[in-house]
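Enquirer: Keeping their order, the protein sequence lines are chains A and B. Per my numbering, residue 1 is the first one in the first sequence, and the count goes up by one each step. Per my numbering, residue 1 is the first one in the second sequence, and the count goes up by one each step.
These are calculated hints, taken from the structure and not from any lab test. Among the hints, erroneous ones may be present.
As the list claims (entries may be wrong) - Covered, in the sense of this in silico footprint (three residues per stretch, anywhere, with C-beta under 8 angstroms from a C-beta of chain A), are these stretches of chain B:
1. 16 to 22
2. 389 to 398
As the list claims (entries may be wrong) - The following label-pair restraints were derived from C-beta to C-beta distances:
3. B:Ala434 <-> A:Gly247: 18 to 26 angstroms
4. A:Ser119 <-> B:Lys446: 49 to 57 angstroms
5. B:Arg92 <-> A:Gly247: 39 to 47 angstroms
6. B:Gly364 <-> A:Met5: 33 to 41 angstroms
7. A:Ala23 <-> B:Phe15: 39 to 47 angstroms
8. A:Met5 <-> B:Lys56: 49 to 57 angstroms
9. A:Gly62 <-> B:Thr62: 53 to 61 angstroms
10. A:Ala23 <-> B:Gln329: 30 to 38 angstroms
11. A:Gly62 <-> B:Gly281: 31 to 39 angstroms
For clarity, every value in this text was computed on a predicted model and none was experimentally measured. Beta carbons are placed, not taken as given, at the ideal position from N, Cα and C, and that holds for glycine.
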Amino acid sequence: MTSSMMFNIATFSYLVSMLIFFAFLATKVKGVGLAGSLASYFGFIVHTTAIVLRWKESYDIGHGHAPLSNLYESVTFFAWTIILIFGIIDLKYKYRVVGAFVVPFALFGMAWAQLGLSSGIEPLVPALQSNWLLYHVITCFLGYAAFAVACGLSIMYLIKAGQEGSADSTAQAGGVISMFPSIKVLDDLNYKAIMVGFPLLTLGIITGAAWANYAWGTYWSWDPKETWSLIVWFVYAAFLHARITRGWVGKRAAILSIVGFAATIFCYLGVNLVLSGLHSYGGR
Amino acid sequence: MTNSNRGFLQALWDFFCSLKLAISLLILLAATSIIGTIIPQGQLRPEYLQTISQAKLKLYSTLGFFDMYHSWWFMLLLYLFTVNIVACSIKRLPRVWKIISEPTLVMTDSFEKSLALTHDFKPGGDAATLRDKMVAFLKAEFAAPVVTEHDGEYHLFAQKAPYSRLGVYVVHLSIVIIFIGALIGSFFGFKGFVNITEGGSVSAVQTFSGQRINLGFSVKCDDFKATFYDTGAPKEFRSVLTVTDNGRVVIDKRPVIVNDPLTYKGITFYQSSYGQAEEGGLFHFTVRDRKGGAPVKISAGYGEKKPLPDGSMMQVLEATQEVSQFVPQFNGPAARIEVTPKGGQPLAFIVFRNFPNFDEQRGGAQIFTYDGSDEKMYTGLQVAKDPGVWVVWTGCFMMVLGCCMAFFMSHKRIWVRVRKGHVTIGGGASKNPAGFQILFDELVDKLKKQ
Numbered sequence: 001m002t003s004s005m006m007f008n009i010a011t012f013s014y015l016v017s018m019l020i021f022f023a024f025l026a027t028k029v030k031g032v033g034l035a036g037s038l039a040s041y042f043g044f045i046v047h048t049t050a051i052v053l054r055w056k057e058s059y060d061i062g063h064g065h066a067p068l069s070n071l072y073e074s075v076t077f078f079a080w081t082i083i084l085i086f087g088i089i090d091l092k093y094k095y096r097v098v099g100a101f102v103v104p105f106a107l108f109g110m111a112w113a114q115l116g117l118s119s120g121i122e123p124l125v126p127a128l129q130s131n132w133l134l135y136h137v138i139t140c141f142l143g144y145a146a147f148a149v150a151c152g153l154s155i156m157y158l159i160k161a162g163q164e165g166s167a168d169s170t171a172q173a174g175g176v177i178s179m180f181p182s183i184k185v186l187d188d189l190n191y192k193a194i195m196v197g198f199p200l201l202t203l204g205i206i207t208g209a210a211w212a213n214y215a216w217g218t219y220w221s222w223d224p225k226e227t228w229s230l231i232v233w234f235v236y237a238a239f240l241h242a243r244i245t246r247g248w249v250g251k252r253a254a255i256l257s258i259v260g261f262a263a264t265i266f267c268y269l270g271v272n273l274v275l276s277g278l279h280s281y282g283g284r
Numbered sequence: 001m002t003n004s005n006r007g008f009l010q011a012l013w014d015f016f017c018s019l020k021l022a023i024s025l026l027i028l029l030a031a032t033s034i035i036g037t038i039i040p041q042g043q044l045r046p047e048y049l050q051t052i053s054q055a056k057l058k059l060y061s062t063l064g065f066f067d068m069y070h071s072w073w074f075m076l077l078l079y080l081f082t083v084n085i086v087a088c089s090i091k092r093l094p095r096v097w098k099i100i101s102e103p104t105l106v107m108t109d110s111f112e113k114s115l116a117l118t119h120d121f122k123p124g125g126d127a128a129t130l131r132d133k134m135v136a137f138l139k140a141e142f143a144a145p146v147v148t149e150h151d152g153e154y155h156l157f158a159q160k161a162p163y164s165r166l167g168v169y170v171v172h173l174s175i176v177i178i179f180i181g182a183l184i185g186s187f188f189g190f191k192g193f194v195n196i197t198e199g200g201s202v203s204a205v206q207t208f209s210g211q212r213i214n215l216g217f218s219v220k221c222d223d224f225k226a227t228f229y230d231t232g233a234p235k236e237f238r239s240v241l242t243v244t245d246n247g248r249v250v251i252d253k254r255p256v257i258v259n260d261p262l263t264y265k266g267i268t269f270y271q272s273s274y275g276q277a278e279e280g281g282l283f284h285f286t287v288r289d290r291k292g293g294a295p296v297k298i299s300a301g302y303g304e305k306k307p308l309p310d311g312s313m314m315q316v317l318e319a320t321q322e323v324s325q326f327v328p329q330f331n332g333p334a335a336r337i338e339v340t341p342k343g344g345q346p347l348a349f350i351v352f353r354n355f356p357n358f359d360e361q362r363g364g365a366q367i368f369t370y371d372g373s374d375e376k377m378y379t380g381l382q383v384a385k386d387p388g389v390w391v392v393w394t395g396c397f398m399m400v401l402g403c404c405m406a407f408f409m410s411h412k413r414i415w416v417r418v419r420k421g422h423v424t425i426g427g428g429a430s431k432n433p434a435g436f437q438i439l440f441d442e443l444v445d446k447l448k449k450q
């Protein structure tokens with residue numbers, strides 16, 4: 001079986017997982033929630049195998065590099081890290097319903113990669129021929145994935161908090177939303193996800209700086225990608241500090257978390273597709 | 001000092017210590033940083049200048065938007081940010097340090113009420129036995145306790161990871177250290193570039209700010225080679241460099257590629273660009289008549305007109321070492337030449353070194369083959385000296401360490417009081433109260449089973 005077939009199976013599993021999670025929202029049957037998690041775990045295992053297989057395939061062709069070098073490879077890896085972080089939260093805290101808001105991010109990424117991006121295994125251009133590629137990409141994307149999960153949790157928070165705010169509508173919408181963890185738990189999980197993501201992003205920026213210094217002698221050159229990673233860092237640093245002051249928990253923290261993820265996505269994709277710079281793989 | 005003066009200073013201090021200022025600065029820095037990613041920075045291209053109006057150009061340059069990250073107001077924001085970090089830390093550190101260095105050893109009744117988790121039970125036995133039992137228990141299950149005797153009661157205090165409370169301040173300090181490292185680099189280092197033609201050598205470089213810097217040694221480029229994949233994408237840029245210091249060769253024919261720079265005496269040379277050297281260089285061709293006859297060898301420099309045996313003239317328009325970037329179906333060196341027959345119109349076409357029979361298909365009276373060139377390449381090297389870089393890495397290391405301390409570690413504390421046959425246990429943690437509750441409940445369970 002080829003890696004691209006396995007990527008397709010993983011994508012399909014995430015689609016099934018998402019639909020089951022939606023059914024879980026509607027039915028509130030525990031077994032349905034478990035099935036949703038299991039579908040995403042199955043997808044994750046296939047996805048992991050696909051990444052390893054693609055790695056091997058690149059060696060078979062003679063290019064020999066980790067599957068992290070172009071937009072297709074990075075999007076599929078990003079989806080993988082999102083499911084990984086979701087899995088950890090799912091196993092640790094057992095709030096199944098979170099899957100309905102996190103798995104779609106991974107599914108969207110995979111669907112885009114499978115349908116819209118060129119999946120050819122390309123050889124590495126000189127600048128990418130470095131072990132730093134591995135350290136830099138893995139740390140960055142684990143951080144991004146934690147922020148994606150935090151964003152999903154924040155959306156849940158805003159829905160739940162909004163519904164609790166308007167007490168008269170409880171009879172109507174209460175069904176689905178009553179499944180959500182309490183807003184206190186959502187707020188706490190949002191904070192925890194960012195607490196994991198922030199050090200990873202920091203490490204990602206540092207490994208990027210170290211790589212840049214090694215490759216061309218400047219650890220920081222205010223290139224758009226670098227600047228945007230710093231912007232993301234500033235936003236989440238503001239979030240973490242805002243947690244200490246009382247006025248910034250809850251809704252405002254949730255909004256800041258969503259703004260942070262929007263900035264993260266722009267840092268990842270927008271910079272490549274809209275602005276120009278050193279990380280130009282997205283433009284092609 | 002007058003009262004109003006003191007009031008002002010106090011207000012200023014409070015302003016710089018405030019967390020609101022920190023959040024505002026972080027958001028302001030994030031928002032303003034966007035400008036420089038949208039508006040081009042540094043040297044402006046003429047195409048860009050044509051797209052914006054004079055008024056806009058004037059406004060942008062007055063606001064420093066074209067070199068935004070070095071503009072006075074952005075620098076000011078960064079300095080304010082630094083002062084804010086330092087002030088915040090100075091204000092809060094003594095209190096945190098007191099918690100670490102002078103822990104509350106005695107659990108009074110009022111202190112007990114302030115704790116989130118407490119448990120009381122009556123195991124029976126005399127006070128000294130209970131005390132020893134509790135000391136052994138804490139030592140085995142949590143951490144070695146400090147025992148204090150107070151009004152005939154025994155108080156035990158044990159803690160884990162008290163220094164994790166300093167994590168935040170380690171991160172704050174690391175930012176200041178990184179800034180110091182950046183300043184050292186900008187004052188005592190330089191960044192520049194140099195082009196060296198194959199066979200040539202240099203002993204000075206040009207900085208990006210236009211200064212000429214004498215290296216104190218010389219760097220020679222023995223060879224430069226660019227190789228490409230079949231797709232035309234670059235595979236490797238390789239310069240072979242030799243460093244001579246005081247007439248002695250100190251580094252002999254060291255290959256330098258992207259991601260593998262050469263460092264000598266704190267100055268590092270990075271492979272960054274290349275091109276064809278302007279001077280010299282001859283292109284070699286073989287020309288034969290389609291009707292037969294002995295082939296003739298011709299060599300010509302750029303733009304030089306050379307007569308051919310049949311009386312027409314040829315010249316080299318352009319040449320490349322690797323044609324696949326331009327004509328993906330072919331690879332290797334190629335030259336575009338122009339042939340002007342006697343009294344006829346000039347005709348331009350491409351000949352490829354790796355495909356010597358290609359020109360036959362053109363159908364011309366004369367068939368050309370390209371034998372290659374002995375033109376010279378130059379290698380473009382970035383040159384950097386940054387004595388502050390190790391300070392920056394130290395700061396980065398501290399930042400990661402501080403983040404881990406601040407986010408993943410928690411200061412856990414347990415108090416035990418032995419009073420009239422009663423044992424009271426209380427506890428708290430600086431982070432993750434839910435996680436600590438599980439630990440606390442387990443401890444209480446184990447204690448009861450003893």
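Enquirer: Are the hints correct? Go through all of them and say.
Expert: Status of the hints after comparison with the structure:
Only residues whose C-beta sits within less than 8 angstroms of a C-beta in chain A count toward coverage, and the segment 16 to 22 of chain B has 3 of them, enough to reach three; the restraint holds. With 4 residues bearing a CB less than 8 angstroms from a CB of chain A, the segment 389 to 398 of chain B meets the requirement of three and the coverage assertion stands. A beta carbon spacing of about 24 angstroms between alanine 434 of chain B and glycine 247 of chain A agrees with the range 18 to 26 angstroms that was offered as a hint. Between serine 119 of chain A and lysine 446 of chain B the C-beta distance comes to about 56 angstroms, which sits within the given range of 49 to 57 angstroms.
At roughly 19 angstroms, the beta-carbon separation of arginine 92 of chain B and glycine 247 of chain A lies outside the given 39 to 47 angstroms, and the hint is violated. For the hinted restraint 33 to 41 angstroms between glycine 364 of chain B and methionine 5 of chain A, the CB-CB distance of approximately 51 angstroms leaves it violated. Evaluation of the 39 to 47 angstroms hint for alanine 23 of chain A and phenylalanine 15 of chain B yields a failure: the beta carbon distance comes to about 55 angstroms. Range check, methionine 5 of chain A to lysine 56 of chain B: Cβ separation about 53 angstroms, and the 49 to 57 angstroms hint holds.
With their beta carbons about 55 angstroms apart, glycine 62 of chain A and threonine 62 of chain B fall inside the hinted range of 53 to 61 angstroms. Between alanine 23 of chain A and glutamine 329 of chain B the Cβ separation comes to about 54 angstroms, which falls outside the hinted range of 30 to 38 angstroms. For the pair glycine 62 of chain A and glycine 281 of chain B, the supplied restraint of 31 to 39 angstroms holds, since their beta-carbon distance comes to about 34 angstroms.
In the structure shown, a violation is registered for the earlier hints numbered 5, 6, 7, 10, in ascending order.
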